[in-house]
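Asks: Whenever a hint applies, use it, and build me the whole structure from the sequences.
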Amino acid sequence: MKHYVKLVRPYLIWSVLMIVIPLILIVIYSVTTGGNTLVNIQFTLSNFKKFAEPIYLQVFMKSLQIGVITVLFCFLFGYILAYKICKFSERAQSFMILLVTIPMWINTLLRTYAWMSILSDNGIVNTILTKLGLDPMTFMYTDFAVIVGMVSDFLPFMVIPIYTSLSKIDHSLIEAAHDLGANNVQTFFKVTFKLSLPGVVNGIMMTFLLSVSTFVIPKLLGGGQYMLIGNLIETQFISVGNWNFGSAISMILAVVILIAITIMRRMDPDDAEED
Amino acid sequence: MRKKHGHRKLGAGLYIALCFLFLYLPILVTMIFSFNSSKSLTKFEGFSLMWYERLFSDSEIMEAVYVSLSVALLATLISTILGTITAIGLSKSRKLLKEVIVNINNVPIMNPDIVTAIGLMILFSSMKIEKGYLTMLLAHIAFCTPYVITSVYPKVRSLDPSIANAAMDLGATPFQALTKVILPMIKEGIFAGVLLAFTMSFDDFVISYFVTGNGVKNISIIVYNMTKRTNPTINALSTIVIVVIMVTLVIVNVVPAINKKKNKKKMALELENMNHI
Numbered sequence: 012m013k014h015y016v017k018l019v020r021p022y023l024i025w026s027v028l029m030i031v032i033p034l035i036l037i038v039i040y041s042v043t044t045g046g047n048t049l050v051n052i053q054f055t056l057s058n059f060k061k062f063a064e065p066i067y068l069q070v071f072m073k074s075l076q077i078g079v080i081t082v083l084f085c086f087l088f089g090y091i092l093a094y095k096i097c098k099f100s101e102r103a104q105s106f107m108i109l110l111v112t113i114p115m116w117i118n119t120l121l122r123t124y125a126w127m128s129i130l131s132d133n134g135i136v137n138t139i140l141t142k143l144g145l146d147p148m149t150f151m152y153t154d155f156a157v158i159v160g161m162v163s164d165f166l167p168f169m170v171i172p173i174y175t176s177l178s179k180i181d182h183s184l185i186e187a188a189h190d191l192g193a194n195n196v197q198t199f200f201k202v203t204f205k206l207s208l209p210g211v212v213n214g215i216m217m218t219f220l221l222s223v224s225t226f227v228i229p230k231l232l233g234g235g236q237y238m239l240i241g242n243l244i245e246t247q248f249i250s251v252g253n254w255n256f257g258s259a260i261s262m263i264l265a266v267v268i269l270i271a272i273t274i275m276r277r278m279d280p281d282d283a284e285e286d
Numbered sequence: 238m239r240k241k242h243g244h245r246k247l248g249a250g251l252y253i254a255l256c257f258l259f260l261y262l263p264i265l266v267t268m269i270f271s272f273n274s275s276k277s278l279t280k281f282e283g284f285s286l287m288w289y290e291r292l293f294s295d296s297e298i299m300e301a302v303y304v305s306l307s308v309a310l311l312a313t314l315i316s317t318i319l320g321t322i323t324a325i326g327l328s329k330s331r332k333l334l335k336e337v338i339v340n341i342n343n344v345p346i347m348n349p350d351i352v353t354a355i356g357l358m359i360l361f362s363s364m365k366i367e368k369g370y371l372t373m374l375l376a377h378i379a380f381c382t383p384y385v386i387t388s389v390y391p392k393v394r395s396l397d398p399s400i401a402n403a404a405m406d407l408g409a410t411p412f413q414a415l416t417k418v419i420l421p422m423i424k425e426g427i428f429a430g431v432l433l434a435f436t437m438s439f440d441d442f443v444i445s446y447f448v449t450g451n452g453v454k455n456i457s458i459i460v461y462n463m464t465k466r467t468n469p470t471i472n473a474l475s476t477i478v479i480v481v482i483m484v485t486l487v488i489v490n491v492v493p494a495i496n497k498k499k500n501k502k503k504m505a506l507e508l509e510n511m512n513h514i
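For the record, the sequence lines run as chains G and B.
Quick note, the first sequence lines up with residues 12 to 286 if you use my numbering.
Quick note, the second sequence lines up with residues 238 to 514 if you use my numbering.
Hints are computed from structural coordinates only; laboratory data are not their basis.
Any given hint could be a false lead.
Think about it this way: if two alpha-carbon atoms lie no more than 27 Å apart in a straight line, the pair counts; the simulated DSSO-like pairs of lysine-lysine are [as the list claims (entries may be wrong)]:
#1 K98(G) / K497(B)
#2 K246(B) / K201(G)
#3 K424(B) / K179(G)
#4 K280(B) / K142(G)
#5 K205(G) / K179(G)
#6 K98(G) / K246(B)
#7 K332(B) / K73(G)
#8 K95(G) / K201(G)
#9 K246(B) / K179(G)
#10 K17(G) / K332(B)
#11 K335(B) / K17(G)
#12 K201(G) / K98(G)
#13 K205(G) / K246(B)
#14 K95(G) / K179(G)
Replies: Structure (structure tokens):
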């Protein structure tokens with residue numbers, strides 16, 4: 012039955028044009044100089060060497076640091092949330108999961124903008140602090156604000172996969188562990204947590220990918236001077252106009268994410284078996 | 238013992254409530270302050286619809302709403318058709334071709350938005366396509382189609398391949414077999430793809446921001462440009478967007494549940510009738 016084989020042809024052409032060629036162009040730009048048109052280009056590795064300068068390395072390290080902190084908080088809050096949701100009736104569970112999903116569909120920009128007014132110097136949090144007789148604090152344009160914005164934004168991406176894994180666990184396994192004399196803590200770490208690993212791995216990958224590549228949240232909550240990799244790429248393309256250097260940074264970002272995904276996949280028992 | 242259990246449930250409820258507060262606080266704040274009668278984003282000074290009036294009389298914002306909606310509708314339509322026929326074709330393709338396409342298809346899903354965005358930006362400028370509405374639409378089709386394929390393909394794969402053959406043996410043309418047999422059987426996957434494509438497109442900022450030009454702006458770009466100063470009109474606009482998305486999601490999630498119930502009832506009734514016979 013070969014009637015429908017031809018149906019893939021339009022997309023084959025389309026995906027080469029719109030997915031493969033852009034990637035090749037990024038690679039070409041990253042290893043050449045000669046401005047933003049590909050007329051007289053010359054091969055060079057200077058774009059990558061430039062990234063090794065202390066200012067850029069600092070941005071890189073800061074992005075990793077903020078990314079890891081965000082992932083850790085998402086994991087901590089998200090795992091507990093998914094675990095607690097699983098304790099409710101099936102109906103309540105699907106309602107709560109719907110509630111977790113809804114914010115995912117609402118633009119990052121809109122939610123981050125709202126955090127600006129919540130965390131600003133005379134914002135809602137500080138108004139409450141003053142009413143309680145405490146000193147107002149500066150939240151805006153700090154790492155704290157950026158991390159709050161990211162955790163609030165990316166938490167659902169951690170909760171959903173973990174919940175999916177947790178809800179699939181056969182309850183009789185947990186009962187068996189208890190019958191065999193394991194206490195609650197042992198059962199959790201040796202049975203429940205191990206079985207939820209695929210969800211944890213997926214959640215960590217998603218939140219890491221989102222938090223190392225965002226430029227909106229650091230720009231709005233960290234201020235104009237706050238630089239993460241995403242901001243660096245944005246400025247190279249939008250304001251500085253050095254597409255070659257911008258492409259090199261994007262390549263580095265893509266490679267970092269690829270490495271992170273490979274490491275995480277290794278930790279996922281399901282995927283390891285498939286290989 | 239029972240009391241302890243009750244406490245635990247209360248604790249779980251409290252924790253969940255706090256998490257939801259954290260997730261929904263920005264959404265609530267946006268909605269509440271869109272009805273504020275002053276410019277303040279921190280003190281609620283009275284109910285008013287002034288920001289909504291301002292919103293609807295602002296031609297730049299209305300233009301952006303039009304761009305967002307029309308791009309989302311067109312991108313959804315085109316990527317759904319493209320994605321669906323590709324998914325059907327994929328299930329019949331040779332293994333190698335299948336793997337190549339599936340892997341290419343995963344690139345935009347796994348790549349950070351910003352990398353996809355600059356790739357397309359470079360592509361358009363090296364092809365000398367003027368940046369604007371067309372480039373935005375093309376880019377949206379490019380990032381929506383992979384999601385349509387990933388939601389339709391599993392449904393196609395689970396179909397019995399002999400069904401289409403049976404239809405054709407019975408005299409249907411391949412096109413008829415496609416529209417009358419295959420499509421109705423994968424409609425759930427297509428519907429999921431439509432929903433994904435529409436919300437992804439309507440919500441997109443990063444890719445639109447890099448590939449647009451000539452003053453063509455969608456809602457997200459307008460919001461981004463307005464964040465530099467306090468402007469509660471954004472809250473009014475956000476509130477409308479949030480309500481539209483929430484209503485869509487609730488309908489999508491609740492309607493199938495109701496239908497299922499109806500179907501169950503219907504089945505129960507039919508079974509009863511059969512028993513009577």
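Asks: Hint by hint, which ones does the structure fall short of?
Replies: 7
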